[in-house]
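Asks: Below, each chain spelled out in residue letters.
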Amino acid sequence: KQEVTQIPAALSVPEGENLVLNCSFTDSAIYNLQWFRQDPGKGLTSLLLIQSSQREQTSGRLNASLDKSSGRSTLYIAASQPGDSATYLCAVPSGGSYIPTFGRGTSLIVHP
Amino acid sequence: GAGVSQSPSNKVTEKGKDVELRCDPISGHTALYWYRQRLGQGLEFLIYFQGNSAPDKSGLPSDRFSAERTGESVSTLTIQRTQQEDSAVYLCASSDMGGRGDHPYNEQFFGPGTRLTVL
Numbered sequence: 001k002q003e004v005t006q007i008p009a010a011l012s013v014p015e016g017e018n019l020v021l022n023c024s025f026t027d028s029a030i031y032n033l034q035w036f037r038q039d040p041g042k043g044l045t046s047l048l049l050i051q052s053s054q055r056e057q058t059s060g061r062l063n064a065s066l067d068k069s070s071g072r073s074t075l076y077i078a079a080s081q082p083g084d085s086a087t088y089l090c091a092v093p094s095g096g097s098y099i100p101t102f103g104r105g106t107s108l109i110v111h112p
Numbered sequence: 001g002a003g004v005s006q007s008p009s010n011k012v013t014e015k016g017k018d019v020e021l022r023c024d025p026i027s028g029h030t031a032l033y034w035y036r037q038r039l040g041q042g043l044e045f046l047i048y049f050q051g052n053s054a055p056d057k058s059g060l061p062s063d064r065f066s067a068e069r070t071g072e073s074v075s076t077l078t079i080q081r082t083q084q085e086d087s088a089v090y091l092c093a094s095s096d097m098g099g100r101g102d103h104p105y106n107e108q109f110f111g112p113g114t115r116l117t118v119l
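Chains as they are written, first to last, in our numbering: chain G, 1 to 112; chain W, 1 to 119.
The set of hints was computed from the structure by calculation and includes no laboratory data. Take these hints with a grain of salt, some might be off.
Below, a list of computed lysine to any residue pairs in the SDA-like style, where the Cα atoms sit at most 25 Å apart [claimed, not checked]:
| hint | chain 1 | residue 1 | chain 2 | residue 2 |
| --- | --- | --- | --- | --- |
| 1 | G | K42 | W | V118 |
| 2 | G | K1 | W | A54 |
| 3 | G | K68 | G | A9 |
| 4 | W | K57 | W | P112 |
Footprint (simulated), chain G over chain W, 3 or more residues, beta carbon under 8 Å [claimed, not checked]:
| hint | stretch |
| --- | --- |
| 5 | 42–56 |
| 6 | 106–113 |
Since we're looking at a predicted model, the values are computed, not measured. Ideal Cβ positions, reconstructed from N, Cα and C, are used throughout, including at glycine.
From just these sequences and the hints, can you work out the full model?
Replies: What follows is the structure, given as structure tokens:
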């Protein structure tokens, strides 16, 4: 069974900082890994999907890396803004499955 | 194009009543997932539909929970004899399982959820 851990659980930073959010998983035989953000009282918004054959994906100020062998993914947020405040979740399926296990998330607050 | 939609957005019911929650996936998406998120908790997988294959029901917490999907279209999650512990946000997601490269591309897109409150 896949286990997903996200560190840190919470983060509060001033605007403009570059951030690193970590996701680790136990079963490395995965097809892909997906990062989401969730705003309070809302559904999940997809940020980045990394296929197992890829090492990183970029979208604007976001960059996600994947190291399958060590069971880790990292989400980099450059030049953080107050609008980035949300909970960030990573989702990783078990080996041979398309059903993801979600981490508990990193709650991010970026203050002006 | 339209995203995943869910209805109702909020549902308040009395303990013991049955409820039906609806999910309309993105057109053309063959895979559909239901999840539950209790207050302050992570997402729990409930059930997964993929095309015409038998659904993966391994996440359903009890036989009071069931779900159906009409072809590759709308899905309904039914909770019978609701209990207070069923109070949660129920989220639906869909994805395109079309093949690209070595593995199917499986980016999930979520609906806004249905907030269920059982009194």
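Asks: Each of the hints needs a verdict: does it hold here or not?
Replies: Now for the hints, and whether the structure bears them out:
1. G:K42 - W:V118: Measuring from Cα to Cα gives roughly 20 Å; hence the hint holds.
2. G:K1 - W:A54: Measuring from Cα to Cα gives roughly 21 Å; hence the hint holds.
3. G:K68 - G:A9: holds, 22 Å
4. W:K57 - W:P112: Within the cut-off at roughly 22 Å; holds.
5. 42–56: holds (count 6)
6. 106–113: holds (count 8)
Consistency with the previously given hints is maintained throughout, with no hint failing.
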